[in-house]
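Chains as they are written, first to last, in our numbering: chain A, 364 to 476; chain B, 91 to 202.
Hint data in this document are derived by calculation from the structure and do not stem from the laboratory.
Ideal placement from N, C-alpha and C gives every residue a C-beta, glycine not left out.
Any given hint could turn out to be false.
One-sided and incomplete, this derived list gives chain B residues near chain A with beta-carbon spacing under 8 Å [what the hints assert, rightly or not]:
id, residue
1, GLY133
2, HIS139
3, PHE181
Sample of chain A residues facing chain B (criterion: CB under 8 Å; computed from the structure) [to be verified]:
id, residue
4, PHE438
5, GLU464
6, GLN465
7, PHE467
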Amino acid sequence: ETGVTQTPRHLVMGMTNKKSLKCEQHLGHNAMYWYKQSAKKPLELMFVYNFKEQTENNSVPSRFSPECPNSSHLFLHLHTLQPEDSALYLCASSSRDRAYEQYFGPGTRLTVT
Amino acid sequence: DAKTTQPNSMESNEEEPVHLPCNHSTISGTDYIHWYRQLPSQGPEYVIHGLTSNVNNRMASLAIAEDRKSSTLILHRATLRDAAVYYCIDFISGAGSYQLTFGKGTKLSVIP
C-alpha cells in the first residue's frame, strides 16, 4: 500500500473552471514531485519541491500552479485548462538523499471538457 | 529525450524467468541505472538500481554489462502480478534538482 495519497482520483472540469489536486505523503519525506502522464507521451516531470522550496519547473504553462505548504502536502491548482491537458497527474515523494527512489501516488485522472 | 532504449513489449509465461533488456550507450561513468515499473491503474514503483556490479533485491535482479552500455532486469519467476510497463531510467541529479526521465518502457505481458 502506498504511503502517498491523492485526491480526487477522478476529475472532470470545464475549461473555465478552477480546481485543485491534492497530494499527501505519510513517509516522512522532504521532496515532492508532480508528474503528468498523457496517453501518447512518456511520463513527464512538471515540478519538484525540496523542503517546501520549488527547485524545478519544467516549462510548465502558468495555468498549472503548484503549492507546497509543508513537506507532507502538495497541491496543483488548475485554471483555464485546455482539452489537451487531460491526463493522469501523479504525485511522488522521496527523501532528499535517495531522490532516485520515489514513491508515487495512484494519480488523479483529469478530463478537461 | 530519454537516453535509454527498450523494446516496446515482451511476453512471458507464468513462473518462467523474464529478462528485460535496456540499452544506455550514452550513460556517463557515474550515472546509476534505475528501473521502475507501473502496474495497471497505479503509479510507478521503484524496482532496483545499480552502478557497475550486479544487484539483487526481493523484487528482481539487475545485470549490468561490463561496458555499462546495457543492462538487463531479471524477474526470476514471472507471476501474473508482474504484468506491467517496465522503465529503465536515466536519473539526473544536480544542485537542488532530481529528475527521473521516463521513456516509453517495455510492456510485459504474462501468460497464465
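To see whether the hints hold, each was checked on the structure:
1. For GLY133 of chain B, the suggested interface contact is upheld, since its CB lies about 3 Å from the closest CB of chain A, less than 8 Å.
2. Look at HIS139 of chain B: its Cβ gets to within about 6 Å of chain A, closer than 8 Å, so that hint holds up.
3. The interface hint given for PHE181 of chain B holds, since its Cβ lies 5 Å from the closest Cβ of chain A, which is under the 8 Å cut-off.
4. Because the beta carbon of PHE438 of chain A sits about 17 Å from the nearest beta carbon in chain B, more than 8 Å, this interface hint is broken.
5. For the restraint placing GLU464 of chain A at the interface with chain B, the shortest Cβ-Cβ distance is roughly 5 Å, inside the 8 Å limit, so the hint holds.
6. For GLN465 of chain A, the suggested interface contact is upheld, since its CB lies about 6 Å from the closest CB of chain B, less than 8 Å.
7. Because the smallest distance between the Cβ of PHE467 of chain A and any Cβ of chain B comes to about 3 Å, under 8 Å, the interface hint for this residue holds.
Violation of the numbered hints given earlier is confined to hint 4; every other hint is satisfied by the structure.
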